[in-house]
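Chemist: Chains as they are written, first to last, in my numbering: chain A, 1 to 140; chain B, 1 to 140.
Hints in this document: simulated from the structure, not taken from any laboratory. Please read these numbers as outputs of a predicted model, since none were measured by experiment. Be careful, since some hints might not be right.
Stated by the list, open to error - Cβ-to-Cβ under 7 Å is the rule here; a few derived chain B residues that face chain A:
no.: 1; residue: Gln22
no.: 2; residue: Arg24
no.: 3; residue: Met60
no.: 4; residue: Ala82
no.: 5; residue: Ser83
no.: 6; residue: Leu84
no.: 7; residue: Phe105
Heads up, the beta-carbon is just placed ideally off N, CA and C, and yes, glycines get one too.
Number of protein chains: 2
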Amino acid sequence: MTDKTCPLCQGSNEILLWQDEQCRVIAAPQPGYPGFCRVIWREHVREMTDLSQSQRAHMMAVIWAVVESLRQVINPAKINLASLGNQVPHLHWHVIPRFADDAHFPDAVWAAPRRAGVEHGLDMNALRQDLQRCLNGLAD
Amino acid sequence: MTDKTCPLCQGSNEILLWQDEQCRVIAAPQPGYPGFCRVIWREHVREMTDLSQSQRAHMMAVIWAVVESLRQVINPAKINLASLGNQVPHLHWHVIPRFADDAHFPDAVWAAPRRAGVEHGLDMNALRQDLQRCLNGLAD
Chain A
1 MTDKTCPLCQ
11 GSNEILLWQD
21 EQCRVIAAPQ
31 PGYPGFCRVI
41 WREHVREMTD
51 LSQSQRAHMM
61 AVIWAVVESL
71 RQVINPAKIN
81 LASLGNQVPH
91 LHWHVIPRFA
101 DDAHFPDAVW
111 AAPRRAGVEH
121 GLDMNALRQD
131 LQRCLNGLAD
Chain B
1 MTDKTCPLCQ
11 GSNEILLWQD
21 EQCRVIAAPQ
31 PGYPGFCRVI
41 WREHVREMTD
51 LSQSQRAHMM
61 AVIWAVVESL
71 RQVINPAKIN
81 LASLGNQVPH
91 LHWHVIPRFA
101 DDAHFPDAVW
111 AAPRRAGVEH
121 GLDMNALRQD
131 LQRCLNGLAD
């Protein structure tokens, strides 16, 4: 099931970190947030509870792997997780490593910035490799 | 493990909807968002990946139940899920029913409001009862 008008069904110009038949992980660097990642369900589904229990568990296992890898690779002060989908109602999760001196901390990244903010860069290859390690053996 | 300075360890003045030994669900109505709920882990833990796999699965099962009940009771346009914890680093999830005419839609509730917004009220007793139904039989 795909929607021809949905940008997440098309998925062009993405920095792919990992994928299987059910979902994909992309790097989605934002100004000030080079470690911003997204986990995107393959099919055009709206809510987590529209998935079967095993599909939900699979997606969450991929998300935990992204969290583990980000913690390993850039050691953030906090991980922020969000599945909103108000703008693009195709199931996806934001995984955002946060630092005390980033532009919005301790607010959400969707709030007004509090300061210019320090960028905490990351080695994208190290992230990709660690993610592969974490996701090795995950049942597809 | 509790932290005497942590408001989520204390948990005073909460509208409790459901609890077991591992976590609790509270109604956390905000201006414009009477259906705003939170799922709070009992222990003072920072990140989801600090939990064991079975603890994570338990917390997520409770969250899916809250989502299902909110969808059943007030039929929102979208469910928003977020675990941030930048301000209070004690593991908790926001479960927020969203409507096209609420104050921030389609932005996150942490963004600047776009309009005065319409409140979509809910029957708290119906929510509590439906949640009980959804969580019946969940292994503790």
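Chemist: Does each hint fit the structure? Answer for all of them.
Modeler: Evaluated hints:
1. Gln22: Constraint on glutamine 22/B not satisfied, violated at 17 Å.
2. Arg24: Since the shortest Cβ distance to chain A is 19 Å, the answer is violated.
3. Met60: 6 Å, holds
4. Ala82: 4 Å, holds
5. Ser83: 5 Å, holds
6. Leu84: 5 Å, holds
7. Phe105: 6 Å, holds
Checked against the numbered hints above, the structure violates hints 1, 2; every other hint is satisfied.
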